[in-house]
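Asks: Residues per chain, in single letters:
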Amino acid sequence: MKKNKGLIIGFSLPIVITLCVMYIYPVMRTLLMSFFQIESVTGDTSTWTFCGLGNYANVFASAGFKAAMWNMFKIWLVGGILTLSLALLFAVILCSGIRFKKFFRAAIYLPNVVSAVALATMWIQYVYNNDYGMLNKMLEMVGLEGVKWLSSDMKFWAMLFAFVFGAVGYYMLIFISGIERIPVDLYEAATIDGANKIAQFTKITLPLLRGIIKTNITFWSVNTTTFFLWSKMFSPIDSEASTIVPVVYLYNQIFGSKGSYTRDAGAGAAVGILLALIILVVYFVVNKIIKDDELEF
Amino acid sequence: MAKEKVIKERINWRKEMSLLPGYLIVIVWILFSVAFVSWIIAASLSTSREIFSGNVFKFETGFHIENYVNAWQAQNVSKFFANSLMYAIIGCFGILVISAPGAYVLSRFEFIGNKIMKSGLVVAMSVPAIMIIMPIFALTTKWGIGGRMVLILLYIFLNVPYTTVYLLNFFATLSTAYEEAAAIDGCPPAKTFLQIMLPLIQPAIITVTIFNFLAIWNEFFMALIFASSEDMAPVGVGLMQIVNSMKYTGNYGGLFAAVVIVFLPTFLLYIFLSEKIIAGVTGGVKG
Numbered sequence: 001m002k003k004n005k006g007l008i009i010g011f012s013l014p015i016v017i018t019l020c021v022m023y024i025y026p027v028m029r030t031l032l033m034s035f036f037q038i039e040s041v042t043g044d045t046s047t048w049t050f051c052g053l054g055n056y057a058n059v060f061a062s063a064g065f066k067a068a069m070w071n072m073f074k075i076w077l078v079g080g081i082l083t084l085s086l087a088l089l090f091a092v093i094l095c096s097g098i099r100f101k102k103f104f105r106a107a108i109y110l111p112n113v114v115s116a117v118a119l120a121t122m123w124i125q126y127v128y129n130n131d132y133g134m135l136n137k138m139l140e141m142v143g144l145e146g147v148k149w150l151s152s153d154m155k156f157w158a159m160l161f162a163f164v165f166g167a168v169g170y171y172m173l174i175f176i177s178g179i180e181r182i183p184v185d186l187y188e189a190a191t192i193d194g195a196n197k198i199a200q201f202t203k204i205t206l207p208l209l210r211g212i213i214k215t216n217i218t219f220w221s222v223n224t225t226t227f228f229l230w231s232k233m234f235s236p237i238d239s240e241a242s243t244i245v246p247v248v249y250l251y252n253q254i255f256g257s258k259g260s261y262t263r264d265a266g267a268g269a270a271v272g273i274l275l276a277l278i279i280l281v282v283y284f285v286v287n288k289i290i291k292d293d294e295l296e297f
Numbered sequence: 001m002a003k004e005k006v007i008k009e010r011i012n013w014r015k016e017m018s019l020l021p022g023y024l025i026v027i028v029w030i031l032f033s034v035a036f037v038s039w040i041i042a043a044s045l046s047t048s049r050e051i052f053s054g055n056v057f058k059f060e061t062g063f064h065i066e067n068y069v070n071a072w073q074a075q076n077v078s079k080f081f082a083n084s085l086m087y088a089i090i091g092c093f094g095i096l097v098i099s100a101p102g103a104y105v106l107s108r109f110e111f112i113g114n115k116i117m118k119s120g121l122v123v124a125m126s127v128p129a130i131m132i133i134m135p136i137f138a139l140t141t142k143w144g145i146g147g148r149m150v151l152i153l154l155y156i157f158l159n160v161p162y163t164t165v166y167l168l169n170f171f172a173t174l175s176t177a178y179e180e181a182a183a184i185d186g187c188p189p190a191k192t193f194l195q196i197m198l199p200l201i202q203p204a205i206i207t208v209t210i211f212n213f214l215a216i217w218n219e220f221f222m223a224l225i226f227a228s229s230e231d232m233a234p235v236g237v238g239l240m241q242i243v244n245s246m247k248y249t250g251n252y253g254g255l256f257a258a259v260v261i262v263f264l265p266t267f268l269l270y271i272f273l274s275e276k277i278i279a280g281v282t283g284g285v286k287g
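Heads up: the protein sequence lines correspond to chains A and B, in order.
Under our numbering, the first residue of the first sequence is numbered 1, with each subsequent residue one higher.
Under our numbering, the first residue of the second sequence is numbered 1, with each subsequent residue one higher.
Derived from the structure by calculation, the hints contain no laboratory data.
Be aware that a few hints might be false.
[To be verified] Result set (DSBU-like, lysine-lysine): computed pairs, CA atoms no more than 30 Å apart in a straight line:
id, chain 1, residue 1, chain 2, residue 2
1, A, Lys5, B, Lys58
2, A, Lys137, B, Lys191
3, A, Lys214, A, Lys102
4, B, Lys191, A, Lys214
[What the hints assert, rightly or not] Per the computed footprint, the stretches of chain A lying under chain B, defined by three or more beta-carbons under 8 Å from a beta-carbon of chain B, are:
id, stretch
5, 9 to 15
6, 46 to 54
7, 70 to 77
8, 105 to 111
9, 141 to 152
10, 171 to 182
11, 274 to 286
For every residue, glycine included, the Cβ atom is placed at its ideal position computed from N, Cα and C.
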């Protein structure tokens with residue numbers, strides 16, 4: 001033990017430094033910043049003025065933040081229901097003894113691997129395009145009029161659907177790993193007793209997937225909280241009320257946005273803290289609501 | 001579809017029929033993806049006029065490979081590509097330099113602070129980047145450290161917790177007999193780590209490095225903040241800038257060529273490594 005002292009210190013020191021420099025220090029400072037009035041994020045600490053919960057009050061009163069939170073909630077709820085049910089559907093289909101399972105699984109997961117910027121560009125510039133876009137061409141074929149998918153009242157849903165399309169694969173993989181852990185004899189016994197596929201799904205698969213569903217809801221919530229890229233891609237230059245999300249709001253507060261050069265790093269920090277709190281609450285609530293009774297099977 | 005039916009009829013037709021709705025749903029989804037990607041590739045080889053008239057699959061004026069040349073050179077994609085490659089390679093290497101030895105001592109030795117460090121790493125994994133970038137931005141601006149350097153350091157440090165935890169679980173599965181034998185033969189512990197233990201966890205190192213590579217290649221938020229200038233931008237940020245300047249250039253063929261170039265590296269990586277990647281995604285998830 002003693003002669004390994006040098007090794008232990010030498011090998012673990014970089015980890016300690018990482019945790020202190022990249023996590024403890026920034027998180028503490030962000031927390032501190034959220035209680036001060038700070039104009040520029042690069043401003044010296046001497047220019048900070050303490051304002052208590054003032055930043056939080058300002059943020060909650062701002063229309064932009066309210067719009068951002070409402071959009072985030074819609075993404076979480078509507079997008080979450082869509083993504084997780086599609087993911088579960090695909091997982092059940094792929095585990096039902098279908099052929100080419102590996103190929104299908106890989107193809108559905110694919111969007112998670114490629115650059116999301118490229119993916120978003122494909123959706124915006126091709127699928128949703130007015131003149132030559134895939135959706136409008138399809139509508140034309142069945143004799144319907146094209147829709148302006150990227151107009152401000154459709155944009156949010158266009159963005160959400162494109163995002164869901166990419167996200168499904170990841171949650172599907174997690175569902176599959178859960179379904180594969182359920183012993184086959186349970187299904188065999190159920191079949192012998194005359195239970196049909198739907199009964200098997202609701203009586204066996206769903207209850208035994210409780211832990212996995214919990215994991216997926218947690219991941220989805222964290223994912224929605226840090227939603228940024230798709231919003232930025234759908235409104236790249238000015239952030240519109242229809243697609244703004246909290247992280248974009250935070251970004252604009254710190255780095256300014258087109259047409260608005262007022263910066264408020266304190267408010268940005270407050271938004272960051274609020275989002276981190278949301279994530280904490282999600283962990284806590286999901287763990288409370290869905291009890292993981294450590295099923296043995 | 002047709003081909004499948006032939007196979008189906010030969011093998012347990014009845015069972016396959018009951019699975020038909022499942023096949024249909026999955027195939028519709030995948031056909032959509034295929035149509036989507038093939039149109040993009042066709043468009044990247046067409047002129048803007050062909051794209052607007054909706055004739056990308058006819059190639060009436062031939063294949064416009066020059067779109068790629070144009071995107072690569074005139075639109076700076078080569079620069080973005082080189083930047084991304086640099087960030088990803090240095091990043092992946094740096095992560096391993098910190099994580100592998102750290103994971104080794106954390107899994108092998110009992111010492112004061114071991115437990116705290118392990119839980120610290122797990123907590124750190126769930127800290128969102130938005131909580132971290134503001135102070136780092138302030139600090140590095142004050143010190144005048146360039147964007148490239150900061151971005152690489154962020155990529156390294158922010159991937160250390162996940163990588164260390166991943167490797168830690170792998171080291172824990174190895175028998176201590178290796179080190180005991182090496183110690184009896186008089187091998188110093190650091191050498192044992194480098195020459196015996198590291199090669200043993202090679203599969204885990206490869207998997208985690210693929211993930212780190214994908215994560216860095218596709219990272220957007222921090223790149224936008226720290227490296228949005230043209231010389232430093234990685235592919236994601238660069239592509240966004242190309243899209244934003246489309247209004248002025250109107251070169252749609254070039255835009256889609258740029259999209260394909262950005263899309264391709266991770267796509268090819270995925271074609272060869274999909275099994276490993278998929279196994280890795282679910283490997284770390286506890287039900």
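Asks: Tell me the numbers of any earlier hints that the structure contravenes, in ascending order.
Replies: 1, 2, 4, 6, 7, 9
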